[in-house]
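Start from chain A and add chain B according to the hints.
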Amino acid sequence: MSYKRPWFRPAFGLIALSAFCAVLPASGNQDDDGLSANEERLLTDFLILAVKPDGDDKDYKLVEIGKTKIDAGLLGVVINTLPLDFLGLGSSDGERTYDPAAEAGQCRAACAANGLCRSFAYVPPNARQQLGVCHLKTLAEASFGVMAPVAGPGERAPGRVVFEAPVTATPAQPTHPREKIPPPPRLPPVTVEAFPMPPRVVAEAPPLNLNPPPPIVEETPPPPQPHATLAAEPVVAPAPVHTRKPLPVWIALGALAFLLGGAALYRYSHRKRMLTRVTTRLVSNGLDRHTVAVAGPDRPDIGLRFVVRQGAAVGAPGTHIDLIPAGAFA
Amino acid sequence: MSAQPASLVQFFDFDNAQVRKDGLTALGGTGAMHGVQALMTAAPLLLQNHAMQSAVEALQAALDVRIIDILAAAWNTRRELRQYLDRAKYPSDQIIDHTIAKHEVHSSHKPRLQIMLDNSPVGPEIEFEVIVGLTIEVAVLRIQDARIMGARMGKIFGTGTIKCEGATLFSRPTKAVTLPLTVSFGTGIAIGQASDAAIAA
Numbered sequence: 001m002s003y004k005r006p007w008f009r010p011a012f013g014l015i016a017l018s019a020f021c022a023v024l025p026a027s028g029n030q031d032d033d034g035l036s037a038n039e040e041r042l043l044t045d046f047l048i049l050a051v052k053p054d055g056d057d058k059d060y061k062l063v064e065i066g067k068t069k070i071d072a073g074l075l076g077v078v079i080n081t082l083p084l085d086f087l088g089l090g091s092s093d094g095e096r097t098y099d100p101a102a103e104a105g106q107c108r109a110a111c112a113a114n115g116l117c118r119s120f121a122y123v124p125p126n127a128r129q130q131l132g133v134c135h136l137k138t139l140a141e142a143s144f145g146v147m148a149p150v151a152g153p154g155e156r157a158p159g160r161v162v163f164e165a166p167v168t169a170t171p172a173q174p175t176h177p178r179e180k181i182p183p184p185p186r187l188p189p190v191t192v193e194a195f196p197m198p199p200r201v202v203a204e205a206p207p208l209n210l211n212p213p214p215p216i217v218e219e220t221p222p223p224p225q226p227h228a229t230l231a232a233e234p235v236v237a238p239a240p241v242h243t244r245k246p247l248p249v250w251i252a253l254g255a256l257a258f259l260l261g262g263a264a265l266y267r268y269s270h271r272k273r274m275l276t277r278v279t280t281r282l283v284s285n286g287l288d289r290h291t292v293a294v295a296g297p298d299r300p301d302i303g304l305r306f307v308v309r310q311g312a313a314v315g316a317p318g319t320h321i322d323l324i325p326a327g328a329f330a
Numbered sequence: 331m332s333a334q335p336a337s338l339v340q341f342f343d344f345d346n347a348q349v350r351k352d353g354l355t356a357l358g359g360t361g362a363m364h365g366v367q368a369l370m371t372a373a374p375l376l377l378q379n380h381a382m383q384s385a386v387e388a389l390q391a392a393l394d395v396r397i398i399d400i401l402a403a404a405w406n407t408r409r410e411l412r413q414y415l416d417r418a419k420y421p422s423d424q425i426i427d428h429t430i431a432k433h434e435v436h437s438s439h440k441p442r443l444q445i446m447l448d449n450s451p452v453g454p455e456i457e458f459e460v461i462v463g464l465t466i467e468v469a470v471l472r473i474q475d476a477r478i479m480g481a482r483m484g485k486i487f488g489t490g491t492i493k494c495e496g497a498t499l500f501s502r503p504t505k506a507v508t509l510p511l512t513v514s515f516g517t518g519i520a521i522g523q524a525s526d527a528a529i530a531a
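Going line by line, the protein sequences match chains A and B.
227 is the number that the numbering used here gives to position 227 of the first sequence; each next residue is one higher, with no gaps.
465 is the number that the numbering used here gives to position 135 of the second sequence; each next residue is one higher, with no gaps.
Here chain A stands alone, though its shape is the one from the complex (with noise of 0.2 Å):
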């Protein structure tokens, strides 16, 4: 662990007393118009108050204002929301003047006396921001520094001036203990995935008129002409109405005598399950104590008993025999 070496924090603070008075002259205090140390202090809490409500506890992406660090999005944003008198940086007509070569070359010199840096980007100032902006960019690209415009000749530089400063060769020097963020996760790209769609149905309706549909005027018809003739209009055949058909009479009637036979039916069948359970016994048919009697004469009746062993001899022609017992029919 370097930074644990007593050395460290000297060293540490040397460095960061250079950039600060690197960074001192290009804000233009020493001007007799610019601000005055005490103004530059009071300032300097200010921006680090202003960007740094937390303290030092939250990391920031730091960037060295005097003696500390503050973030730099957020200092930016801070100086961004400054009107330009705030900051002893307006003019009276409205117009700065600033010299680009000067400021480049402040930013040149913060990033020479710091040691993390890299490379620095000078920003001139633009329509949409009147700082001169000057980042330096360290391997991680992460802080820059505001400029204090530097009066002189020259017109506006559209766009970013970037310059590429070679590394001096310093003392190595230890590697500031820097917390490593890891890379936020990767997450897998987004894969759609298609699949075949079941085919539409096809409607049968007639597609929606979407016009609005014209208003209804109530026309008076035409006086009768008496004399005109009768055109043959076309006849319009109806438009065809999907109404649903009614059923039938002779279903509805037929449904209904199924249910009613099969009603009758369950009856039937349930009535003459339930008499089942009634039965009446033939214990006995009274034939075995049966009394017959019969009341008449006893005595046979002789006068009709005839028994014929032999034709009779009866000479008269004419003469002929009946045998009918008394009472019985012909």
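Worth double-checking, as some hints may not be accurate.
Examples of chain A residues toward chain B, derived with CB under 8 Å [as the list claims (entries may be wrong)]:
| id | residue |
| --- | --- |
| 1 | L62 |
| 2 | R277 |
| 3 | H290 |
Worth flagging that the hints you see were computed from the coordinates, not collected in a lab.
We put the beta carbon where it would ideally sit given N, CA and C, even for glycine.
Coordinates of chain B only, in the frame set by chain A:
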């Protein structure tokens, strides 16, 4: 000679719906049926009403007795027919027509029924008394080999009643009975024995 031999069912006109209805009404008023219905209170009303109908149907089965069988049984009881048992006097090849003048036949038998609910008896047995009275104008019995082989009958009038516990359920007024004029008993009815093979000719 092919008329269907009448039975007591036709004799009492059981096929007449009105007669059956009157008989059911009378049967419902008997004490026996009141007892049966009291025991079937828990049963559905349909079953209670069906109990009497079932009893009448069973009674109809008990009346399946042919009238000619009643007549044959009555004739066989006459004592003058016993003389034909003498084979010496009446050889087997001799055919004898024995005439019976106007006479009356009285028959009575008592069928018994048991009403069952779910194969279990309900109440005591119900006894009916069937009384039949027949008046025969004349009958000529053909006797051969000591057997009654057939008969020719004159007019027959009959009356009858069916009672249950003294109450008259069915009553038949005196009216003519339709029977075949000539009846054959097949192989014959042995004189002095019960007949069970009467066949209408």
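Evaluation of the interface hint that places L62 (chain A) against chain B, nearest CB under 8 Å | Violated: closest Cβ of chain B sits about 101 Å from L62 (chain A), beyond 8 Å.
Should the hint that R277 (chain A) touches chain B count as held when the rule is a Cβ pair under 8 Å?
-> At about 5 Å, which falls below the 8 Å cut-off, the nearest Cβ of chain B leaves the hint on R277 (chain A) intact, so it holds.
Would the hint on H290 (chain A) stand, with a C-beta cut-off of 8 Å toward chain B?
-> With Cβ-Cβ at 4 Å, under 8 Å, it holds.
Taken one by one, the earlier hints fail for this structure only at number 1.
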